[in-house]
Amino acid sequence: MVTKRPRSPTEDDPGPHWEVVPDSRESGEELARSSTETTRRRPDIVTASTGTQEHEESRSSGPWVAIKHRLRDAIGLLRALFFIQIEDERVCLRLRCILQYHTRTLSWMALLRSATVLETTLPGPLPDLQACMPQTLEEDVNVSDLLAVLSTILAHILRGDVSEYRSLVDKLAPGRLLMLERLLGTVYTDELSRGGTLRDVDGFRSWFTVRKRTPEQPINRSLENLQEFPHVPDWIVTERDHTVRREAFAMKSERDQETTELIALQMNLTQERAERQDHSAWSTDDEQGYEREMEEIKVRNKTLLAEKKLLFLRTRKYCLFPTRSQQKTLRQFMGTCRWTYNQAVAHYRKTNDFNAINLTAHYVTKNTRKTLAYLQSMGRPPEWAHDTPASMRGNVIRTFQTNVKSVLSNVTNGSIKKFKIQFSSKKRSPDFTFSEGGRYAKIKQNGSEFYLSISKLKNIRVKVDVLKEISSEIDILYSNGFWYVAIPQTVEPDPYEYRKSCIALDPGMKAFMTGMDLEGNVLEFGRGNKTRLKAVRGRLDAAQSAMATFKNQKGKSKRWQYRAYVRTKRTFLSCTAKLKNLVKDLHFKTCAYLIEHYDVILLPIFKTKDMVKKSSARTHGFNTSILSLNHFKFRQLLQAKCEVRGKSTVVCSEMYTSRTCGQCYRLHVKLGSNDVFACPRCDYRAGRDANAALNIMRYVCAGSLQVFI
Numbered sequence: 002m003v004t005k006r007p008r009s010p011t012e013d014d015p016g017p018h019w020e021v022v023p024d025s026r027e028s029g030e031e032l033a034r035s036s037t038e039t040t041r042r043r044p045d046i047v048t049a050s051t052g053t054q055e056h057e058e059s060r061s062s063g064p065w066v067a068i069k070h071r072l073r074d075a076i077g078l079l080r081a082l083f084f085i086q087i088e089d090e091r092v093c094l095r096l097r098c099i100l101q102y103h104t105r106t107l108s109w110m111a112l113l114r115s116a117t118v119l120e121t122t123l124p125g126p127l128p129d130l131q132a133c134m135p136q137t138l139e140e141d142v143n144v145s146d147l148l149a150v151l152s153t154i155l156a157h158i159l160r161g162d163v164s165e166y167r168s169l170v171d172k173l174a175p176g177r178l179l180m181l182e183r184l185l186g187t188v189y190t191d192e193l194s195r196g197g198t199l200r201d202v203d204g205f206r207s208w209f210t211v212r213k214r215t216p217e218q219p220i221n222r223s224l225e226n227l228q229e230f231p232h233v234p235d236w237i238v239t240e241r242d243h244t245v246r247r248e249a250f251a252m253k254s255e256r257d258q259e260t261t262e263l264i265a266l267q268m269n270l271t272q273e274r275a276e277r278q279d280h281s282a283w284s285t286d287d288e289q290g291y292e293r294e295m296e297e298i299k300v301r302n303k304t305l306l307a308e309k310k311l312l313f314l315r316t317r318k319y320c321l322f323p324t325r326s327q328q329k330t331l332r333q334f335m336g337t338c339r340w341t342y343n344q345a346v347a348h349y350r351k352t353n354d355f356n357a358i359n360l361t362a363h364y365v366t367k368n369t370r371k372t373l374a375y376l377q378s379m380g381r382p383p384e385w386a387h388d389t390p391a392s393m394r395g396n397v398i399r400t401f402q403t404n405v406k407s408v409l410s411n412v413t414n415g416s417i418k419k420f421k422i423q424f425s426s427k428k429r430s431p432d433f434t435f436s437e438g439g440r441y442a443k444i445k446q447n448g449s450e451f452y453l454s455i456s457k458l459k460n461i462r463v464k465v466d467v468l469k470e471i472s473s474e475i476d477i478l479y480s481n482g483f484w485y486v487a488i489p490q491t492v493e494p495d496p497y498e499y500r501k502s503c504i505a506l507d508p509g510m511k512a513f514m515t516g517m518d519l520e521g522n523v524l525e526f527g528r529g530n531k532t533r534l535k536a537v538r539g540r541l542d543a544a545q546s547a548m549a550t551f552k553n554q555k556g557k558s559k560r561w562q563y564r565a566y567v568r569t570k571r572t573f574l575s576c577t578a579k580l581k582n583l584v585k586d587l588h589f590k591t592c593a594y595l596i597e598h599y600d601v602i603l604l605p606i607f608k609t610k611d612m613v614k615k616s617s618a619r620t621h622g623f624n625t626s627i628l629s630l631n632h633f634k635f636r637q638l639l640q641a642k643c644e645v646r647g648k649s650t651v652v653c654s655e656m657y658t659s660r661t662c663g664q665c666y667r668l669h670v671k672l673g674s675n676d677v678f679a680c681p682r683c684d685y686r687a688g689r690d691a692n693a694a695l696n697i698m699r700y701v702c703a704g705s706l707q708v709f710i
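To convert, note that position 572 of the sequence shown is 573 in our numbering; the numbers rise steadily by one, no gaps.
Keep in mind that the hints were calculated from the coordinates and are not lab data. No residue lacks a Cβ here, since even glycine has one placed at the ideal position from N, Cα and C. Among the hints, erroneous ones may be present.
What the hints assert, rightly or not - Each pair of labels, with its calculated beta carbon distance range:
hint: 1; residue 1: Gly-673; residue 2: Ser-454; range: 23 to 31 Å
hint: 2; residue 1: Ser-454; residue 2: Ser-281; range: 46 to 54 Å
hint: 3; residue 1: Glu-297; residue 2: Ser-472; range: 23 to 31 Å
hint: 4; residue 1: Pro-431; residue 2: Ser-454; range: 24 to 32 Å
hint: 5; residue 1: Asp-287; residue 2: Gly-448; range: 40 to 48 Å
hint: 6; residue 1: Leu-312; residue 2: Ala-578; range: 26 to 34 Å
hint: 7; residue 1: Phe-633; residue 2: Thr-244; range: 29 to 37 Å
hint: 8; residue 1: Lys-671; residue 2: Phe-633; range: 27 to 35 Å
hint: 9; residue 1: Met-295; residue 2: Glu-248; range: 26 to 34 Å
hint: 10; residue 1: Gln-637; residue 2: Arg-429; range: 24 to 32 Å
hint: 11; residue 1: Gln-490; residue 2: Thr-572; range: 29 to 37 Å
hint: 12; residue 1: Gln-333; residue 2: Glu-273; range: 28 to 36 Å
Generate the whole structure from the sequences, applying the supplied hints.
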């Protein structure tokens, strides 16, 4: 007879939580015979040895290595199963943390259950999956009970009962599944596995390329073939909706004139009512007529506001070329606005008051009738602060109020737990932005040159193509040693054009974007961008290192150190601007090609913040490369361009799309960072990013991947 007793694992022997102890009444021959029968029944499960030396030898080689690999694959499949069952990504992340911290305990529990419990008594995996819902994963959840459920599911996976990833597709109805297979089935996988040569199809610079591989046999597929899926038609922007926006832009001037007339009429009615009431010549009928007319004006204003919301408001940034004296004045404005912002931060830290009206009365207004109470070491603005226009300083206060409201809403929504408003430091962040009201700014033309005029500063040369009308607040920016002005403008929608085409994109690093469309074409955007960006980044790092060595250099005068530092800093700022412009050029050219050829663009969320590793000598290059591509800004740009052109961007998830086989739908848990996807269970081979784009197209169109609106 064999009994099991619990024991505590040690650092030298972190073995199973149960050890086999022979009964004193049982002979050695019976024990050996029972152990042999157990091994014969379950040859894939290794029982623990009673001897310490034999146990250490078995763990270091032989079956223990195989068990280690099996457990790793099984835990990967367990994560996939929870991704299928639970749609909440936070719950999936919490489960992932639990698996990470309790991997050893969970592994031994699963081995014990799969080796000792009969298959007839082992519960099914589906009830256990349904039991692990979000409400069971609260802060006070019993981890031991959760580990028991997870070990049961893991035991099923070790037995081979839940070894496929097909559950992701099985959630669909059978008819839709067959329709999806017929639409995106063997034709695509055959073309991807066959491979081919990607050829350039654009006329851009050599460093940015769009490479395209077409199938040998043309595939006539379009969005009309996806009409049977109920959610696909909702992605398409109809001609009627786009025409309404074009008509709203065409009537913009008439609508603005009508708005001005309604405001004047409202003021006249109010003034007439006040004058007649003073002379007691205002009757009840007059009051009813006044209320009726004001209600009509209110309804008409509401209609005009709804039409105004149909317009596309975009901000264009233009380069400024100020003279030396103008640069000195702009720096003075920028410094005063930074001082005003820091005064508001200090006031908020001590009083929790971020109301723009109160802060403006304290730190912007020169003469006020209010009795103001100032904190210690804080008082009224000095005289030099009033040399900067009050409109600029007031806009800084309103920007501060907006920032505080934004972070408070994030705390309320649970996005962040706490926050601390930081001061604006010229040393830490020399770049700064301040605003000027639209009625104080104007652009005028003198010959072929254009000049911007703001409060207390006139005739700043600006580079624009045509004369711009300023009707709202503008921003003046200082970035990387250059001055810019950002002017909001209303953009006219382009004529409607519908090609019935769709593409799925997979973002990456080696190729900025890899796409696959309904016709079977595989496209790569910016495959050679890494080399070009790395060269500019190398010059930038060299300049940054030189700036540090020029300070306090022995044997050199202060004047030489200053000149060398300024010269190197100029190179550093130039390389920084060059790097940003290259990435911006990459974004705009990719958007231009996509919008020109496709109507629906499937773009998954590329969470670079979660991919960035802890900074070290090994991970510094990876972190810099992945963050410099600015995938989030590209998504914002693509969505803005699609709205103007009458296209649509569908933002979706990309979970497990790179590791899922495009032919047998099984999970390749050992894919790692390989560029080629070679399925270990079938003969399917394809490019890693092309296979991911195929899975994104397949699962998003079928409705089994989450779509973010």
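TODO: Evaluate the given range 26 to 34 Å for the C-beta pair formed by Met-295 and Glu-248.
DONE: Roughly 29 Å apart at Cβ, these two residues keep to the hinted range, so it holds.
Open item on the list: For the hint 29 to 37 Å, verify it against the beta carbon of Phe-633 and that of Thr-244.
Closed with: With Cβ atoms ~31 Å apart, the hint holds.
- [ ] Starting from the hint 29 to 37 Å, judge whether the C-beta atoms of Gln-490 and Thr-572 obey it.
- [x] Distance hint for Gln-490, Thr-572 holds at roughly 34 Å.
Task: Hint check for Ser-454 and Pro-431 - Cβ pair distance inside 24 to 32 Å - done: 26 Å, holds
Task: Pairwise beta carbon distance, Asp-287 to Gly-448, judged against the given window 40 to 48 Å - done: Given a distance of about 57 Å, which is not inside 40 to 48 Å, the answer is violated.
TODO: Given the hint of 23 to 31 Å, check if Glu-297 and Ser-472 actually sit that far apart at their C-beta atoms.
DONE: Since Glu-297 and Ser-472 have Cβ atoms about 26 Å apart, the given range 23 to 31 Å holds.
Task: Range agreement (Cβ of Ser-454 with Cβ of Gly-673, hint 23 to 31 Å) - done: 59 Å, violated
Open item on the list: Taking the Cβ atom of Gln-637 and the Cβ atom of Arg-429, is their distance within the range 24 to 32 Å?
Closed with: With Cβ atoms ~26 Å apart, the hint holds.
Open item on the list: 28 to 36 Å was suggested as the range; check whether the CB atoms of Gln-333 and Glu-273 agree with it.
Closed with: 47 Å, violated
Open item on the list: Taking 26 to 34 Å as the stated bounds, is the beta-carbon spacing between Leu-312 and Ala-578 within them?
Closed with: 32 Å, holds
Open item on the list: Verify the CB-CB distance for Lys-671 and Phe-633 against the hinted window 27 to 35 Å.
Closed with: Since the Cβ atoms of Lys-671 and Phe-633 sit about 30 Å apart, the hinted range of 27 to 35 Å holds.
Task: Ser-281 and Ser-454 - C-beta distance against the hinted 46 to 54 Å - done: Cβ of Ser-454 to Cβ of Ser-281: about 50 Å, so the range 46 to 54 Å holds.
The structure does not agree with the numbered hints 1, 5, 12 stated previously, though it agrees with the rest.
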